[in-house]
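On the provided structure of chain X, position chain P as indicated by the hints.
There are 2 protein chains.
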Amino acid sequence: MSITVVGSVAYDSIETPAGRRERCLGGAATYFSLAASFFTDVRVIAVVGEDFGPRQQSVFDKRKIDTRGIEHTAGKSFFWEGSYLEDINEAKTHATELNVFAKFEPKIPAAYADSDFLFLANIDPVLQRRVREAMPQVKLVAGDTMNYWINDYRPALLEVLKGLDVLLINDTETRTLASEKNLVRAARAVMALGPRSLVVKHGEYGATLFQSQTGTKDLRIFRAPAMPLEEVIDPTGAGDSFAGGFVGYLASQPELTPAAFRRAVFYGSTMGSFACERFGTERLQQLTREEIDARFNHFREITHLD
Amino acid sequence: MSITVVGSVAYDSIETPAGRRERCLGGAATYFSLAASFFTDVRVIAVVGEDFGPRQQSVFDKRKIDTRGIEHTAGKSFFWEGSYLEDINEAKTHATELNVFAKFEPKIPAAYADSDFLFLANIDPVLQRRVREAMPQVKLVAGDTMNYWINDYRPALLEVLKGLDVLLINDTETRTLASEKNLVRAARAVMALGPRSLVVKHGEYGATLFQSQTGTKDLRIFRAPAMPLEEVIDPTGAGDSFAGGFVGYLASQPELTPAAFRRAVFYGSTMGSFACERFGTERLQQLTREEIDARFNHFREITHLD
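The listed protein sequences derive, respectively, from chains X and P. The numbering of the first sequence is the working numbering, which starts it at 706 and goes up by one. The numbering of the second sequence is the working numbering, which starts it at 706 and goes up by one.
None of these hints come from the bench; they were simulated from the model. There may be inaccurate statements among the hints.
Note: identical chains are not told apart, hence a pair may lie in one copy or across any two.
As the list claims (entries may be wrong) - Capping the alpha-carbon separation at 25 Å, the derived lysine to aspartate or glutamate pairs in DMTMM-like fashion look like this:
no., residue 1, residue 2
1, LYS886, GLU795
2, LYS797, ASP876
3, LYS886, GLU982
4, LYS886, ASP792
5, LYS769, ASP792
6, LYS922, GLU936
7, LYS781, GLU727
8, LYS886, GLU935
9, LYS781, GLU802
10, LYS886, GLU720
11, LYS767, GLU982
12, LYS886, ASP876
13, LYS922, GLU935
14, LYS867, ASP819
15, LYS922, GLU1006
16, LYS808, GLU960
17, LYS812, GLU776
18, LYS922, ASP998
19, LYS767, GLU864
20, LYS844, ASP870
21, LYS812, GLU996
22, LYS922, GLU982
23, LYS812, GLU802
24, LYS781, ASP829
Note that the coordinates shown come from a computational prediction; the quantities given were computed from them, not determined experimentally.
Okay, chain X solo, but in the shape it has when bound (with noise of 0.2 Å):
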């Protein structure tokens, strides 16, 4: 099945203790749709500048991603720079430079409207309420925000909220959605709100997924914990790698069962931890399917109590 991801495609400064990059390839529809293609067709929504050249194309040409959702304007594409000196967990943001993207008004290439999954990677809940309702045959309509939109553009959020089957945010965005400290009360909070399925990343933790089940208040809880890796070079689009290994896997799937769910969690925290090895996406541009599934399978087997 084909997934379709309307997000940014970027250009990263990033300075961790490993060292410093400019302008890598980055962007939350870029670590996305890499994650993803090892799983399924996916087809990116976005916009960049003169300054996205063969170079950065080519990376998507390899992986097979159909870009002809990408618009190509006048001027820079969206660029941010940042560190995670003090703690390799925190983005530090030095810059934010909109670019091309403060005037993005997602395009959808009629060739994508038989897609089954879409993704709504973290932009402003205007735009992602706009590319939901122009795609209404999706099966399955995943997306992300951040702590920016859920403060201060929340009545745009709820309205996309209302229209998601998965939300994948981290801890803290989930306790600020639903104004509640604790993690399973928060959760609940959050899937009053429209998505049925709520994955919460906890970082280098790993992710508890929550499903409602219907005929009863309980939810259904699956935890995994994260891979402990020994050398975090960059963990920039971590989350967002986390969130196409977890969707792309669905995607891949005959049917969604709560054990297809359960795997997906295990893949986004194999994808996001692969994210993690290189600066930007170089990592991901260099990955193998075999490479995922032994990672996947070493996981497992050092979270398997028996």
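Frame of chain X; chain P shown alone:
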């Protein structure tokens, strides 16, 4: 097999978002021995003051815990006052009164000499070492410590670590002890100081077991998520209860296989989760082995992949 534990038996005044309790029975040795008592015979070495009476004694008696090693002296028992109002996962200490604990000189009853396991709870490493040396026959020594000893009593602590089979500490303590931020590398550094097994407790996120393997530099890693709790009444003693479940379960096993260690981590998490459900030791006092095994199974279920 029997466990001797040396540590504090104390009174705690605790405030959490769920309320306030004055002078609950607490202390690391109390939580540890209550938790471990569901798995094996437990013997306590501690000191209490005149405020420790029949009501406190009966808490131990009901769980058939051997208290012949609890010395009664003139004065007041160790007292701690703390709150968890801003962050349920972080204690803010308001008062610590060592009282009779200031002159604690552990005395080991002759009847404890045939103990199989020894647990050195979080006390002055000089005392930990003294008890360890007085019980050379034990088959396994596990221990805990805290940042206070790591930072200011390092030489004495290093002597203790040399004699430990298992060290159970949290993320911050592991990183501080190793002067290394990456958890896997920090674990390696800590294990180079002595313990062949290291359990790093991640609070609400679970725990990771690291074990050295003879003939290879590869660490054997096992990661267990924690129980997602809908209501945390009081996290005091959760770490000590984890240790009690972990060491208690190991002591109940005929052989210390890797599988036994894995189950021990799950039993540790299970006991830690129960401890949080009521103030002080209230929940541990009322617990049954059936409830423990039901939660262990539920816990396995919510983390089991296939």
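Right, here's what the structure says about each hint:
When the C-alpha separation of LYS886 and GLU795 is checked against a cutoff of 25 Å, the pair qualifies both within a copy, at 20 Å, and between copies, at 13 Å. For the homomeric pair LYS797 and ASP876, the shortest alpha-carbon distances inside one copy (18 Å) and between copies (22 Å) are both at most 25 Å. Taking the shortest alpha-carbon separations for LYS886 and GLU982, only the inter-copy value of 16 Å comes in at or below 25 Å, while the best intra-copy value is 32 Å. Within a single copy, LYS886 and ASP792 get their C-alpha atoms as close as 23 Å, and across copies as close as 9 Å, so both meet the 25 Å cut-off.
Within a single copy, LYS769 and ASP792 get their C-alpha atoms no closer than 35 Å, and across copies no closer than 46 Å, so neither meets the 25 Å cut-off. Within a single copy, LYS922 and GLU936 get their C-alpha atoms only as close as 41 Å, which misses the 25 Å cut-off; across copies the closest is 16 Å, which meets it. When the C-alpha separation of LYS781 and GLU727 is checked against a cutoff of 25 Å, the pair qualifies only within one copy, where the shortest distance is 15 Å, while the shortest distance between copies is 63 Å. Taking the closest pair of Cα atoms, LYS886 and GLU935 come within 25 Å of each other only across two copies (10 Å); inside a single copy the shortest separation is 31 Å, beyond that limit.
For a Cα distance limit of 25 Å, the shortest separation of LYS781 from GLU802 inside one copy, 9 Å, qualifies, whereas the shortest one across copies, 63 Å, does not. With identical chains, the CA atoms of LYS886 and GLU720 are at most 25 Å apart between copies only, with a shortest distance of 17 Å across copies and 31 Å within one. Taking the shortest Cα distances, LYS767 and GLU982 sit within 25 Å of each other inside one copy (20 Å), while across copies they are farther apart (53 Å). Taking identical chains as interchangeable, the C-alpha atoms of LYS886 and ASP876 lie at most 25 Å apart whether they share a chain (9 Å) or sit on different chains (21 Å).
With identical chains, the CA atoms of LYS922 and GLU935 are at most 25 Å apart between copies only, with a shortest distance of 13 Å across copies and 40 Å within one. For a Cα distance limit of 25 Å, the shortest separation of LYS867 from ASP819 inside one copy, 22 Å, qualifies, whereas the shortest one across copies, 64 Å, does not. For a Cα distance limit of 25 Å, the shortest separation of LYS922 from GLU1006 across copies, 18 Å, qualifies, whereas the shortest one inside one copy, 32 Å, does not. For a Cα distance limit of 25 Å, the shortest separation of LYS808 from GLU960 qualifies neither inside one copy, at 38 Å, nor across copies, at 66 Å.
Within a single copy, LYS812 and GLU776 get their C-alpha atoms as close as 8 Å, which meets the 25 Å cut-off; across copies the closest is 77 Å, which misses it. Taking identical chains as interchangeable, the C-alpha atoms of LYS922 and ASP998 lie at most 25 Å apart only when they sit on different chains, with a minimum of 24 Å there against 35 Å within one chain. For the identical chains of this complex, LYS767 and GLU864 are neighbours neither inside a copy (36 Å) nor across copies (56 Å), given an alpha-carbon limit of 25 Å. Taking CA atoms no more than 25 Å apart as the test, LYS844 paired with ASP870 passes inside one copy only; the shortest distance there is 9 Å, against 53 Å between copies.
When the C-alpha separation of LYS812 and GLU996 is checked against a cutoff of 25 Å, the pair qualifies neither within a copy, at 35 Å, nor between copies, at 56 Å. Only between protomers do LYS922 and GLU982 lie at most 25 Å apart by alpha-carbon distance; the minimum there is 21 Å, versus 40 Å within a single protomer. When the C-alpha separation of LYS812 and GLU802 is checked against a cutoff of 25 Å, the pair qualifies only within one copy, where the shortest distance is 22 Å, while the shortest distance between copies is 68 Å. In this assembly of identical chains, the alpha carbons of LYS781 and ASP829 lie at most 25 Å apart only when taken from the same copy (19 Å versus 61 Å across copies).
Checked against the numbered hints above, the structure breaks hints 5, 16, 19, 21 and satisfies the rest.
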